[in-house]
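Protein chains in written order, with the working numbering: chain U, 1 to 419; chain Z, 1001 to 1255.
Mixed in with the good hints there might be a few duds.
[What the hints assert, rightly or not] These stretches of chain Z come out as covered by chain U in the derived footprint (C-beta under 8 Å, 3 or more residues):
{"no.": "1", "region": "1052-1058"}
{"no.": "2", "region": "1159-1169"}
[As the list claims (entries may be wrong)] Far from chain Z by the CB rule (all over 10 Å, computed), these chain U residues:
{"no.": "3", "residue": "129"}
{"no.": "4", "residue": "177"}
{"no.": "5", "residue": "182"}
{"no.": "6", "residue": "184"}
{"no.": "7", "residue": "292"}
Source of the hints: derived by calculation from the structure; they are not laboratory data. Quick reminder that beta carbons are idealized off the backbone N, C-alpha and C, glycines included.
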Amino acid sequence: MQLFKIAWRNLNRNPVRTAIAVLAITTVVIIVVFARGLMVGLTESSFGMYMDNHFGHVRLAQEEYLKRETLLPLDYTVDGLEGAGADEMITEIEKLERVQQVLPRISFGAMVSIDDELLRMVGVGVDPEREQQHGGVAGDVIEGRMPASGNEILVGKGLLERMDADMGDRITLLFSDAYQSLRGRTFEVVGIREAGTAALDNSFFYLPLNTAREMLWLEDEVTDLLIFASGAGEAPALQADLEEFLTGGGADQYSVVVWNQADPFVEFYYEVAGVMDLVYVLFILMGAIVIISALTMIVRERTAEIGMMGALGLRGRDIMKVFFLEGTLMGILGSLLGVIIGGVITFHYSRAGLYVEDFAVLSEDLELLIEPAFYLAFDLENLVVSLALGIIVVALSCLYPAFKAARMEPVQALHHVEE
Amino acid sequence: MKAKKISSIFLIFILAVLFASPGQAEDLTGEEIMTRVDENQFIAAARLEAEMRIIDRDRESVKEMIMYVESDGEVSNGLVEFINPRDRGTKYLLLDDRLWMHFPDAEDLVPISGHMLREGLMGSDFSYQDALESEQLTRLYQFEKLGRTEINERQVYEIEGVARPDQEPAYHNRKFWVDVERFVVLREEMYARDGRLLKVMETEKVEEVQEGRWMATAMIMEDQLREDSRTIYRILEIDLDYEIPPGKISLETLQ
Chain U
1 MQLFKIAWRN LNRNPVRTAI AVLAITTVVI IVVFARGLMV GLTESSFGMY MDNHFGHVRL
61 AQEEYLKRET LLPLDYTVDG LEGAGADEMI TEIEKLERVQ QVLPRISFGA MVSIDDELLR
121 MVGVGVDPER EQQHGGVAGD VIEGRMPASG NEILVGKGLL ERMDADMGDR ITLLFSDAYQ
181 SLRGRTFEVV GIREAGTAAL DNSFFYLPLN TAREMLWLED EVTDLLIFAS GAGEAPALQA
241 DLEEFLTGGG ADQYSVVVWN QADPFVEFYY EVAGVMDLVY VLFILMGAIV IISALTMIVR
301 ERTAEIGMMG ALGLRGRDIM KVFFLEGTLM GILGSLLGVI IGGVITFHYS RAGLYVEDFA
361 VLSEDLELLI EPAFYLAFDL ENLVVSLALG IIVVALSCLY PAFKAARMEP VQALHHVEE
Chain Z
1001 MKAKKISSIF LIFILAVLFA SPGQAEDLTG EEIMTRVDEN QFIAAARLEA EMRIIDRDRE
1061 SVKEMIMYVE SDGEVSNGLV EFINPRDRGT KYLLLDDRLW MHFPDAEDLV PISGHMLREG
1121 LMGSDFSYQD ALESEQLTRL YQFEKLGRTE INERQVYEIE GVARPDQEPA YHNRKFWVDV
1181 ERFVVLREEM YARDGRLLKV METEKVEEVQ EGRWMATAMI MEDQLREDSR TIYRILEIDL
1241 DYEIPPGKIS LETLQ
């Protein structure tokens, strides 16, 4: 306690220097809180969209389908174990312990001719009941409702605008069935979806799975199954369960892909998110350099004092503690301030969103599932982690100058003063 | 007198050679040959039954259709009704150079225009534009005769067609191999502006549909941009004297 008091008192000996060091830590911790909030927000929203719309926690499809997916083929479907039908297979999969939800999907290409321009889009046959339970697509309905039966469709907001149509309108769409026959069908728009990303809102429409099956000549088949566990972290274990299930059923034509390996962009983005933890530490280290520099100067200035403390019988370990505490106190103060200010900024942008116009335009062109406005994640975990990271990194950084002070021989230190 | 008689006999012989030998049309230009091809394909009014066998990798599907075709020499109109179970009720109408589709599950007629014309007709290797342009070759292309060769033991002219400067057909260049005697295209290659080969069509069967009039009744089209795909088109029945009921080829009937 005595050492703590000495350290605290020392902080007040040069308030300007202390303030600069604390400010440096405050600044980097603000950056870390903001950056973490941004990354977590982006990750949660983007990864969530990929899972709900394309990949589930794991995705089951024919290997050939995954290779040719961009062409939306209907030749490589999931038709169950030994062709016994997809519905029976879904029932069996639902019995697996880790499985929480199975969403069968049929994706196919469609188009509409408007003023000599061909507008291409993607139709997705969905099981309305299951989608309602899961909430991914159903949760984005901003007007009307999910399609329930017959020729009802839910259309992306941007796509509806591109077709110059509105709620309740009847639209004739063209598509090729599983036998390559061009077909036309008139649908009624019963709902509008706004997912917040152009890649979905401008190109996708949804219809009941049974309607999709009937019009595409896909009897008891789907193009893929999105399978969910209780959390994304369980995806690898879920994949192992499903692979065992498929091997047992002799179905080697199917692949089970974990969400973060299903797309090169998601894979890359997932890796970057992992590397970011290192970036945060480096950020705080940058701030800590100011403290290391301040402490080194303090040690040099107080060489005689250190010699005196040693001569009076203070052990090297105690001298180290004094300097360590002095640096750590600056770290705690800076980190606390950083977390408070960073927290306020993050909270603001978690509500208001951070809109960068250039990025919004770019994200439309890239067809990535990223919202054009960034909504930062504001949560206690981010604040606690940033605070802990700030304190720990600064404390560790103080070890070197503190160790240097502790290693001084009292006689030499006193001699240093006499010179 | 004797010399005059000999020269008369020689002249008759020359004329006989010119007009009677298989090489009688040797002097025809590329344009003239393709005009003969167009004339040969001209149909005033007919009813046809045909099938299209589409082979796409492992999947094979057959479209059966009844076609009604009429032409006044300037404009060709036609109605195609699909009769195979999966496509029954689907109809295509070619009217005044515009294509319309009717689907049993759709409330509106669908016009086919713009980019859609380049799509595969019912998933086949033939595009809608192929169907539209087949009878207008001399209007769309300038032809040049490259020479003569042989295909399937038949003598053929090798003709190259380049798009006329004021036209924008589906293919910038085309090469035709035209039967010297029957004026039927036995092989055709379609190229893009950059010289890339886009499609190859080969005639599988040629039949005499009327006295002295031959037509290709089976052909294979391969879209070179589609992997492992080809379409075999066969005319199963053709009635060139058919009287098309009034109003049969019209938007009203299509609806």
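Outcome of the hint check:
Counting residues of the region 1052-1058 of chain Z whose C-beta lies closer than 8 Å to any C-beta of chain U gives 4; at least three are required, and the coverage claim holds. Residues of the region 1159-1169 of chain Z with a Cβ under 8 Å from some Cβ of chain U number 0, which does not satisfy the need for three, so the listed coverage is violated. Taking the minimum C-beta to C-beta distance to chain Z, about 24 Å, the non-interface status of residue 129 of chain U holds against the 10 Å cut. For residue 177 of chain U, the shortest C-beta to C-beta distance to chain Z comes to about 7 Å, within the 10 Å cut-off, and the non-interface label is violated.
Not every CB of chain Z is more than 10 Å from the CB of residue 182 of chain U (nearest about 5 Å), against its label as outside the interface. Once the 10 Å rule is applied to beta carbons, residue 184 of chain U is inconsistent with being away from chain Z; the minimum gap is 3 Å. For residue 292 of chain U, the condition that its CB be more than 10 Å from all CB atoms of chain Z holds, with the nearest at approximately 63 Å.
Violated hints for the displayed structure, listed by number in ascending order: 2, 4, 5 and 6.
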